[in-house]
Amino acid sequence: MPHPMLPLAITAFTATTALGPGLQAQSDGLAASCSGLRRNDFSHTPLDTWIGRVDGLEDMPLPADAAVWECRNNRLAWLAMNQDGFAQAAREAARRHGSERVAVVMGTSTASIGATEQAYRTLVGGDSFPRDLQRRDVHQPNSLTGFVQAVLGLQGPALTIATACSSSAKVFAAAERLIRLGVVDAAVVGGVDTLCESVLFGFNSLELVSSEPCRPFDVTRGGISIGEAGGFALLERRELAPGAPRLAGYGESSDAHHMSTPHPEGLGAELALRDALARAGLDASEVDYINLHGTASQKNDEVEAALVARSFRAQTRASSTKGFTGHTLGAAGIVEAAYALLAIRDGFIPGNLNANQPDPACGPQMAWHNERQPVRVALSNSFGFGGNNACLAFVAGERA
Amino acid sequence: MQGVGLWAPAVATWSDFKPWLDGALDDAEPGKPRADVLPANERRRAPDSVLLAAAAAGQAVAASGLDPATLVSVFSSAHGDQAITDYMCATLAESPAELSPTRFHNSVHNAPAGYWTIATVCHAACSAISAGDASFGAGLLEAAAQAVADDRPVLLATFDTKGYGPLLSMTQVTLPFGAALVLSPSRTPRSVARLGLATAPITSVSRPRDDRLHAWSTVNPSAAGLPLFEALAHGSGIDVALAASAGMALHVRGETLT
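These protein sequence lines are chains A and W, in that order. The opening position of the first sequence corresponds to residue 1 in the numbering used here, with each subsequent residue numbered one higher. The opening position of the second sequence corresponds to residue 1 in the numbering used here, with each subsequent residue numbered one higher.
Simulated from the structure, these hints should not be mistaken for laboratory data. Given the structure is predicted, the values throughout are model-derived calculations rather than measurements. It cannot be assumed that every hint is accurate.
[Stated by the list, open to error] Heads up, incomplete: computed chain W residues facing chain A, CB under 8 Å, no partners named:
{"hint": "1", "residue": "A97"}
{"hint": "2", "residue": "V205"}
{"hint": "3", "residue": "G247"}
Virtual Cβ for every residue (Gly too), placed ideally from N, Cα, C.
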């Protein structure tokens with residue numbers, strides 16, 4: 001087990017999802033128990049499913065000096081970073097610490113593959129990318145991180161973590177190590193994934209896509225709804241902002257079981273949870289809220305329900321918010337980290353939407369409806385293909 | 001550093017690398033990377049990226065004498081599996097409903113990482129990263145940071161497969177290359193080199209002295225680490241600068257120990 005770590009301050013954070021841009025839209029949507037899902041109106045070939053789509057990206061070009069990065073995924077990154085004063089906070093951190101002392105660690109599963117798909121749909125002469133898509137930097141997994149680093153004017157270490165649906169949870173771990181070792185003084189972390197044919201038809205080919213809005217932890221759940229989202233957090237040493245909420249710990253693990261099915265006993269998920277609690281110096285009994293991975297896939301929810309039921313006291317509250325946003329894949333980690341931070345900030349537990357018939361495997365911890373209570377410790381689970389698991393632990397800052 | 005692995009079309013193992021560099025060994029016969037770590041049935045159907053990463057990683061871990069089940073790992077690649085990306089984009093353009101489920105789950109950037117942890121029954125933290133042309137340097141920094149921060153050995157595997165189809169005009173990767181290192185937080189009887197890492201704003205990066213290696217490094221982002229492997233092979237002092245991001249260099253200084 002790892003040693004406890006020094007917590008880091010989260011001096012700014014934001015999220016943009018199908019519920020709308022920025023934290024207020026998230027809070028409002030969650031409080032209203034109002035799903036952001038809609039019938040699939042995105043894919044070029046019809047596919048009977050529901051999606052979490054962010055409105056208006058088609059009409060939001062990037063600033064002219066960033067046009068080389070143009071694609072749907074970077075548009076969503078741009079929209080998301082300009083909510084809640086995040087981009088300004090990141091630029092101020094660069095002024096405070098030096099632009100080379102601020103790392104960028106972004107998570108994504110497919111980055112701007114949508115632009116590559118578009119090039120393949122519109123090949124010139126059967127084998128050449130059309131001229132406006134001949135931009136090397138967007139046809140690679142690092143497109144998002146390259147864009148974020150460039151538009152924020154940052155010059156420190158930068159990397160993309162692409163471990164499918166745990167990607168933007170693991171960014172917190174990589175950033176914490178760089179800050180702890182003194183390589184940098186601050187880190188912009190986050191994740192963005194956008195709707196694209198690869199994931200819609202890919203998850204469809206695995207028969208994991210639901211033909212109705214996803215119903216996490218419902219006994220008759222029928223699979224996932226895919227969503228798009230973006231979010232960011234700024235990490236700095238806690239002395240700079242004693243009142244800010246904190247990253248207290250994180251856990252990372254591997255199932256070593258199967259590429260696209262979780263370990264049947266949730267072995268990897270449990271290792272990540274134990275690891276996160278150990279780093280945070282917390283006992284499971286101190287956890288107030290858990291934002292679950294809860295995708296509404298048959299297997300994930302079965303395994304995760306059992307893990308929660310056996311690991312936490314009955315008073316701990318737990319819910320999946322995928323019924324609001326859809327499964328935002330590589331962005332799920334940062335979006336649900338933001339929801340955990342909102343739970344701490346507002347003392348608000350979002351109810352697990354769309355579970356009309358709760359799965360009997362679920363324990364008394366499940367919050368089926370919205371609840372209000374103080375939250376000091378909140379966890380967020382993220383599990384990905386390849387058996388890649390991450391768990392994040394956040395705690396409230398010091399009271400003034 | 002306590003284990004090295006390498007695979008290129010002309011040189012299939014790290015142990016062949018020095019004699020090949022010295023001109024004592026001819027180019028290898030064309031063939032697939034030898035990924036003994038994978039079970040035979042997985043090996044037969046594994047995508048290029050999985051074979052390449054597992055071949056290099058398997059050599060490094062065998063040389064380290066460590067149990068792969070205990071190793072934290074970082075898999076770094078600028079482009080992931082380009083044959084699969086080409087297949088996915090071509091199929092989605094023509095007949096999306098016919099997309100292969102196996103190819104889809106193999107398309108995730110962490111497919112080599114996933115197959116590695118399954119084959120070695122490893123429950124430790126495992127990451128898959130990309131940093132464009134700086135993927136090798138960023139991967140080395142991430143792996144070294146984990147080794148030092150958590151005081152445990154870490155496997156770094158870095159690889160880029162050959163480009164296919166229309167995508168090749170963007171990635172311009174015409175030669176597959178993979179390499180791997182096992183990094184340990186302190187010196188052990190198996191250590192082959194001592195490395196010190198420091199970041200600094202980027203001014204210039206090292207290029208391999210050998211012309212053949214230089215040619216590889218111009219057509220494969222993962223081969224940007226070759227100046228380090230060249231120094232290791234020569235058994236000389238190590239002093240190389242690698243790109244770790246668009247603005248940041250990673251200076252690697254140290255000495256070989258054998």
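For this session: Against the earlier hints, flag every one the structure doesn't satisfy and list their numbers going up.
Result: Hint 2 contradicted; others consistent.
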